[in-house]
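Enquirer: Dock chain S against chain G, hints included.
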Amino acid sequence: GENVEQHPSTLSVQEGDSAVIKCTYSDSASNYFPWYKQELGKRPQLIIDIRSNVGEKKDQRIAVTLNKTAKHFSLHITETQPEDSAVYFCAATSTGTASKLTFGTGTRLQVTL
Amino acid sequence: EPEVTQTPSHQVTQMGQEVILRCVPISNHLYFYWYRQILGQKVEFLVSFYNNEISEKSEIFDDQFSVERPDGSNFTLKIRSTKLEDSAMYFCASSGRTDSNQPQHFGDGTRLSIL
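Protein chains in written order, with this note's numbering: chain G, 1 to 113; chain S, 1 to 115.
Here chain S stands alone, though its shape is the one from the complex:
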C-alpha cells in the first residue's frame, strides 16, 4: 500500500537556525498538508496546499513558515528561524482526487527538537 514518507525522522537544530522538513506524498494525490503535534497534545493543522499554492493556513503558520513543492514528488516545510516552541512532531499528509472528503494519509512524522 502506498505511503507518505517523511525525512528526516528526527531533526535537532539550534534555536534561530533554519530547518527544512521533507515529505513525499502518495504519488497520485493532489492535496498536501502539514500538521504538528506537541508532545502529549492533539494534532494541529498548519497548512494545506493544492495546485501549487496554499489553500489554507492556521494562525500557527506565521511568516517564519513556508511550504514548497519544488518538483513533482517532494513537498517541503521550511521554518526560517526556529524557536524553542517549534519543538514538536511534524506530520505531512496527503489526500487524493479532485473532490475533498478523501481520507488524509499521514507520514511517520519528523520529530523536531530545538535546542
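Okay, chain G solo, but in the shape it has when bound:
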C-alpha cells in the first residue's frame, strides 16, 4: 500500500520568512495530493491540493509543487504569519471509488514574532 513520509517533523521560522515542508510517496498510482492544516484540537482543514497532471499550484501565499518522477511533493508558505502556526499534513491517494487518504506524519510549524 501507499506510504507517505513527511519532514521536517517540526519547523520554526520567523514571521515573514518562508517555510517549506516536503513529502515523498511510494505508490506510483497516486495522483491526488492534498495538504491539510490542523490547529490544536480542531479538524484537518484542506488548504491546497494538486493533481498529478500539473507540476505546481499556487494560492496566494501557499504553493505546492509535485515531482512525479521522484515521487515527492512540497508545500511552500511565503511571508509566514503567526496564524500559520499549526500542524500541516500531506496526503496522497489514487483514483478510485471512495479513495482513502494516506497521511504523512505531520509537521508542526511555529511562526515566531
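Keep in mind the hints are simulated off the structure, nothing from the lab. What you are looking at is a predicted structure, and each value in this text was computed from that prediction instead of being measured. A portion of the hints provided could be inaccurate.
[Claimed, not checked] DSBU-like, lysine-lysine: derived pairs with alpha carbons at most 35 Å apart:
{"id": "1", "chain 1": "G", "residue 1": "K57", "chain 2": "S", "residue 2": "K57"}
{"id": "2", "chain 1": "G", "residue 1": "K22", "chain 2": "G", "residue 2": "K42"}
{"id": "3", "chain 1": "S", "residue 1": "K42", "chain 2": "G", "residue 2": "K58"}
Expert: For chain S alone, kept in the frame of chain G given last:
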C-alpha cells in the same frame, strides 16, 4: 459553507461498552469516510463508504467496528466492545460527485476516551 458535523464532541466510555459516533456529511456528497487520530500522531484511514456499502477498510477496522447509513443524512461508526487503545479522535469526512479525487472535507471530530 456547508460542513460535516459530528456528535458528540467528546465521548467517555467504559472499556467493553459499545459506542456509536455520529456524523452528518455534506448534503450532496456521495462518499463517506472515517479516520482516527491517536493523540500526537497522524491521521489514519479506517473505512470508506459509497452506495450503501463499504468500499475499503484498513487493518484497524476489525470485526469490532461497523458503519451504517441509517437514513439519508446520518453516517455512523459503531465500536462494539471498546478497548483502551480505541481512545483517539475520530474524524468523519465526505467528498462529492461520482468521480474520485474530490476533496475530502472533515468534521470537527469526536474525542473518544475509554476508561
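Enquirer: Each of the hints needs a verdict: does it hold here or not?
Expert: The hints, checked one at a time:
Restraint check for G/K57 and S/K57: the C-alpha separation of about 31 Å stays at or below 35 Å, so the hint holds. Distance restraint check for G/K22 and G/K42: the Cα-Cα separation of roughly 23 Å lies within the 35 Å cut-off, and the hinted pair is therefore satisfied. With a C-alpha separation of about 25 Å, the suggested pairing of S/K42 with G/K58 holds against the 35 Å cut-off.
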